[in-house]
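Residue numbering for the sequence shown follows the numbering used here, beginning at 47 and increasing consecutively.
FYI, nobody ran anything at the bench for these hints, they're computed from the structure.
These figures come from a predicted structure and were not determined experimentally.
For every residue, glycine included, the Cβ atom is placed at its ideal position computed from N, Cα and C.
Honestly, I wouldn't trust all of these hints.
Said to hold, decoys possible - Below, a list of computed lysine-lysine pairs in the DSS-like style, where the Cα atoms sit at most 25 Å apart:
#1 179 x 147
#2 149 x 126
#3 147 x 171
#4 149 x 171
#5 147 x 126
#6 149 x 187
#7 147 x 125
#8 147 x 187
#9 126 x 171
Said to hold, decoys possible - Ranges of calculated distance between the beta carbons of each label pair, as one might list FRET restraints:
#10 142 x 86: 16 to 24 Å
#11 129 x 66: 19 to 27 Å
#12 162 x 135: 14 to 22 Å
#13 65 x 149: 14 to 22 Å
#14 188 x 162: 21 to 29 Å
#15 127 x 96: 13 to 21 Å
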Amino acid sequence: MTQQVMHAQMGGETGGAEELIPAGAVTFGLEYRTLHGGEEEGVCIHVYGNAIAGDDKELLRFDCFRVAPHYHYRNSTIKKNDRLMLDFTAEGDALAWTIDKIKNRLPIMLLRCEADDIARDIDQKDVDAALPKIVAWAETKTHRRA
47 MTQQVMHAQM GGETGGAEEL IPAGAVTFGL EYRTLHGGEE EGVCIHVYGN AIAGDDKELL
107 RFDCFRVAPH YHYRNSTIKK NDRLMLDFTA EGDALAWTID KIKNRLPIML LRCEADDIAR
167 DIDQKDVDAA LPKIVAWAET KTHRRA
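With the hints as extra help, turn the sequences into a complete structure.
Structure (structure tokens):
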């Protein structure tokens with residue numbers, strides 16, 4: 047059975063099927079992406095709004111890339127896609143930064159995506175239960191490439 051794609055088409059290659067981790071009002075999608083023939087690579091963490099109609103449910107995407115880490119505020123229902131570069135000097139490791147934001151800032155980041163209902167429906171217990179799974183998955187992908 048083909049797995050549903052819950053985000054817009056992206057460039058590059060992925061290292062296997064997307065891992066989906068449900069967390070109440072959102073689902074986390076995990077991929078390892080390789081771009082530009084291997085010049086750029088890293089963990090990609092999607093945050094999908096489960097209540098969004100249609101195929102493109104992505105609200106946040108954290109591209110924890112080796113060279114140019116960045117993240118996106120998205121919302122296909124209003125054609126939003128704001129990309130912000132991560133300042134490695136100020137923020138440090140992109141994956142650690144991302145995990146911290148998911149743990150401590152997810153609802154307010156969803157408000158910036160104009161996904162107010164989903165932000166209000168976030169239950170921190172669901173997010174906290176998903177975080178160890180996200181970290182464990184990311185560690186297997188990054189250690190395999192080290």
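Going down the list of hints, with the structure as the test:
Taking the CA atoms of residue 179 and residue 147, the gap is about 16 Å. The hint holds against a cut of 25 Å. For the hint linking residue 149 to residue 126, the alpha-carbon distance of about 23 Å falls within 25 Å, and the restraint holds. Taking the CA atoms of residue 147 and residue 171, the gap is near 15 Å; set against the 25 Å cutoff, the hint holds. Between the alpha carbons of residue 149 and residue 171 the distance comes to roughly 10 Å, so the proposed pair stays at or under 25 Å and holds.
Between the alpha carbons of residue 147 and residue 126 the distance comes to roughly 20 Å, so the proposed pair stays at or under 25 Å and holds. Distance check on the hinted pair: residue 149 and residue 187 sit about 20 Å apart at the alpha-carbon level, within 25 Å; holds. Between residue 147 and residue 125, the direct Cα distance comes to roughly 23 Å. Compliance with the 25 Å bound is thereby established for this hinted pair. Using a Cα cut-off of 25 Å, the hinted pair residue 147 and residue 187 holds, with the two alpha carbons roughly 20 Å apart.
Taking the CA atoms of residue 126 and residue 171, the gap is near 28 Å; set against the 25 Å cutoff, the hint is violated. A beta carbon spacing of about 19 Å between residue 142 and residue 86 agrees with the range 16 to 24 Å that was offered as a hint. The beta-carbon spacing between residue 129 and residue 66, approximately 23 Å, falls within the hinted interval of 19 to 27 Å. Judged by the Cβ atoms, the range 14 to 22 Å given for residue 162 and residue 135 is violated: they are separated by roughly 33 Å.
As the Cβ distance of residue 65 to residue 149 is approximately 19 Å, the hint placing it in 14 to 22 Å holds. The beta-carbon spacing between residue 188 and residue 162, approximately 34 Å, falls outside the hinted interval of 21 to 29 Å. Distance hint for residue 127 and residue 96: a CB-CB separation of about 20 Å, consistent with the stated range 13 to 21 Å.
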